[in-house]
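This is what each chain is made of:
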Amino acid sequence: KAGVTQTPRYLIKTRGQQVTLSCSPISGHRSVSWYQQTPGQGLQFLFEYFSETQRNKGNFPGRFSGRQFSNSRSEMNVSTLELGDSALYLCASTNPANTEAFFGQGTRLTVV
Amino acid sequence: TQLLEQSPQFLSIQEGENLTVYCNSSSVFSSLQWYRQEPGEGPVLLVTVVTGGEVKKLKRLTFQFGDARKDSSLHITAAQPGDTGLYLCADNTGTASKLTFGTGTRLQVTL
Numbered sequence: 001k002a003g004v005t006q007t008p009r010y011l012i013k014t015r016g017q018q019v020t021l022s023c024s025p026i027s028g029h030r031s032v033s034w035y036q037q038t039p040g041q042g043l044q045f046l047f048e049y050f051s052e053t054q055r056n057k058g059n060f061p062g063r064f065s066g067r068q069f070s071n072s073r074s075e076m077n078v079s080t081l082e083l084g085d086s087a088l089y090l091c092a093s094t095n096p097a098n099t100e101a102f103f104g105q106g107t108r109l110t111v112v
Numbered sequence: 001t002q003l004l005e006q007s008p009q010f011l012s013i014q015e016g017e018n019l020t021v022y023c024n025s026s027s028v029f030s031s032l033q034w035y036r037q038e039p040g041e042g043p044v045l046l047v048t049v050v051t052g053g054e055v056k057k058l059k060r061l062t063f064q065f066g067d068a069r070k071d072s073s074l075h076i077t078a079a080q081p082g083d084t085g086l087y088l089c090a091d092n093t094g095t096a097s098k099l100t101f102g103t104g105t106r107l108q109v110t111l
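Heads up: the sequence lines are chains A and B, in that order.
If you count by my numbering, then the first sequence holds residues 1 to 112, one letter each, in order.
If you count by my numbering, then the second sequence holds residues 1 to 111, one letter each, in order.
So that you can see chain A by itself, here it is in the shape it has in the complex:
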């Protein structure tokens, strides 16, 4: 069974640009969550999508947005990038029993 796949693995962007990250969940998992990991703030919840609808949202500005497609694949978009957005962005899909999250390897975003 394939795991959670995130693309790309690495990205370098310039301040002010926007970026889109992609996440393919484990087959059969309908919930996809996104997290930001930084040395200073640790691992923080961004938002969760279930059946193409945002079900939960963390405390991040509106520049961070996402969507989910009918095949449960999800994308995350960050607009008007700031230096502080440099981070590892992790995606997780959750099993149908909602007891375990399975994480991808992450996308390392560097904003210069």
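Because the hints were derived from the structure by calculation, they are not lab data.
C-beta atoms are modelled at their ideal positions from N, C-alpha and C, and glycine is treated no differently.
Take the hints with a grain of salt, since some may be wrong.
Partial list, computed: chain B residues near chain A (C-beta under 8 Å) [as the list claims (entries may be wrong)]: (1) Leu-45; (2) Val-47; (3) Asp-83; (4) Thr-84; (5) Ala-96; (6) Phe-101.
Assemble the complex: chain A is given as a structure, and chain B must be docked to it using the hints.
Just chain B, lined up with the frame of chain A:
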């Protein structure tokens, strides 16, 4: 907002030593999970504890949940280099799709 503090922040030990890391919450856990994250990878679930006072063992790892469900510990016996990584506690707030993570303990085990 729930705050999860882990201690120590960093730990460097030699192979064969024992260690304990701690996780303390400002409020009662819904249920507590421990994850390990290796360099270049996402976190991987080690265990879920739900009941106050619960103890779970996973080979050389022993997880304990406090009676009041506001703290937990992870004890590793005879650490090995393969135990190296970032150990994270998390509250699943009633759903594994929205996790609140602790500050993390970075463990380095050397030969």
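Here is how each hint holds up against the structure:
1. Leu-45: Interface hint status for Leu-45 of chain B: holds (5 Å vs cutoff 8 Å).
2. Val-47: Hint on Val-47 of chain B: violated, closest Cβ of chain A at ~11 Å, above 8 Å.
3. Asp-83: violated, 19 Å
4. Thr-84: At about 17 Å, which exceeds the 8 Å cut-off, the nearest Cβ of chain A leaves the hint on Thr-84 of chain B violated.
5. Ala-96: Check passed: Cβ of Ala-96 of chain B comes within 5 Å of chain A, closer than 8 Å.
6. Phe-101: Since the shortest Cβ distance to chain A is 4 Å, the answer is holds.
Hint compliance for this structure: hints 2, 3 and 4 are not met, and every other hint is.
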